[in-house]
Amino acid sequence: MTATTSTPILQARGLVKRYGHVTAIDGADFDLLPGEVLAVIGDNGAGKTSLIKALTGAVVPDEGEIRLHGKPIQFSGPQSARAHGIETVYQDLAVAASMDIASNVFLGRELRRPGILGSAFRMLDKKRMRQEAAEHMADLKIGLRSLSQAVETLSGGQRQAVAVARAVAWARSVVVMDEPTAALGVKESGQVLDLIRRVRDKGMPVVLISHNMPHVFEIADRIHVHRLGRRAALIKPSDYSMAEVVAIMTGALSVDETGGTVVADSKAAKAAGVQAT
1 MTATTSTPIL QARGLVKRYG HVTAIDGADF DLLPGEVLAV IGDNGAGKTS
51 LIKALTGAVV PDEGEIRLHG KPIQFSGPQS ARAHGIETVY QDLAVAASMD
101 IASNVFLGRE LRRPGILGSA FRMLDKKRMR QEAAEHMADL KIGLRSLSQA
151 VETLSGGQRQ AVAVARAVAW ARSVVVMDEP TAALGVKESG QVLDLIRRVR
201 DKGMPVVLIS HNMPHVFEIA DRIHVHRLGR RAALIKPSDY SMAEVVAIMT
251 GALSVDETGG TVVADSKAAK AAGVQAT
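If you're matching positions, the sequence shown starts at 1 in full-length UniProt numbering and goes up one per residue.
Simulated from the structure, these hints should not be mistaken for lab results.
Hints may contain errors.
[What the hints assert, rightly or not] Listed next, with one range per pair, are the computed distances between beta-carbon atoms: (1) D62 - A94: 23 to 33 Å; (2) Q79 - Q149: 21 to 31 Å; (3) V186 - D139: 21 to 31 Å; (4) L144 - D43: 30 to 40 Å; (5) G85 - E63: 19 to 29 Å; (6) L144 - G14: 19 to 29 Å; (7) P214 - L124: 25 to 35 Å; (8) M123 - V22: 44 to 54 Å; (9) V186 - Q131: 18 to 28 Å.
[What the hints assert, rightly or not] Capping the alpha-carbon separation at 30 Å, the derived lysine-lysine pairs in DSSO-like fashion look like this: (10) K141 - K71; (11) K141 - K236; (12) K202 - K126; (13) K202 - K127; (14) K71 - K187.
Even for Gly, the Cβ is constructed at its ideal location relative to N, Cα and C.
Sequences and hints are given; from them, build the entire structure.
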């Protein structure tokens, strides 16, 4: 499929979210295509966090429409979004550090032992959880010494891998990753980016929120630039330089209907060393 013929997996039109007198989302649009990594970038205060929260059920928009697989949908909360196959890997990972890896993969979705041991005594089927967690890890080529080890014994990159594996294990539609390489070293960041590629290669579309522009250009198929509460541009990184994307993000450049850039702030554009095309 191509961008012109694919039906977006997750789409939004005209989203608005107000907090009192502050409009955090101001008529925002959003399009995530099948099998792509879509990076969402924007300055602090641009409204990208509120946009992602609306798309994952954490906030309910005041106006606008969200579509999943082409059908209008309303999320009542994060659990509602998860029930529809949208999983989020938060920046804090939301892992239980003292619990083992397998238990974290099944956190909130624990498997009970069959028969009366599970129904009456609510005993967990830890053997089956370890087996299935191992399958999920192997599927994503995540190598860990033992799934019985506590998450607190893992490195930052390994913890991120556990959180991603959990999301992919339960996601049916979309995986959202919030700053997955933040606070990681160069080697571990590279490992996480490789993991994101493997998730995409499995056919699972990924929404990547990141401030790391080199990582965005390395991994993203398209970039959603958010500014002043709405989408300022939806572009391919191969068509723009990093400086141009930063200029669009800050308002020095804008993108017209043909995909060309127009100087919106000549002084800012000159300071950024970019020009219209």
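Taking 30 Å as the top limit, are the C-alpha atoms of K141 and K236 close enough? 28 Å, holds
Whether the CB-CB distance between D62 and A94 falls inside 23 to 33 Å: Hint holds: Cβ distance 27 Å, inside 23 to 33 Å.
Can you confirm whether the C-alpha distance between K71 and K187 stays at or below 30 Å? The given pair, whose Cα atoms are some 41 Å apart, is violated under the 30 Å limit.
Determine whether the Cβ-Cβ distance between Q79 and Q149 falls within the hinted range of 21 to 31 Å. 29 Å, holds
Per the hint of 21 to 31 Å, is the separation of the Cβ atoms of V186 and D139 within bounds? Holds, since V186 and D139 (Cβ atoms, about 26 Å apart) stay within the stated range.
Quick one, are K141 and K71 close enough, alpha carbons at most 30 Å? 34 Å, violated
Return holds or violated for the Cβ distance of L144 and G14 against the range 19 to 29 Å. 44 Å, violated
Given a hinted range of 18 to 28 Å, is it respected by the beta-carbon distance of V186 and Q131? With Cβ atoms ~34 Å apart, the hint is violated.
Evaluate the given range 30 to 40 Å for the C-beta pair formed by L144 and D43. Given range 30 to 40 Å: holds, Cβ gap about 37 Å.
Status of the given 19 to 29 Å range, CB of E63 versus CB of G85: Since G85 and E63 have Cβ atoms about 25 Å apart, the given range 19 to 29 Å holds.
Quick one, are K202 and K126 close enough, alpha carbons at most 30 Å? Holds. K202 to K126 sits at ~27 Å (cutoff 30 Å).
Distance restraint evaluation - P214, L124, Cβ atoms, bounds 25 to 35 Å: 42 Å, violated
Checked against the numbered hints above, the structure violates hints 6, 7, 9, 10, 14; every other hint is satisfied.
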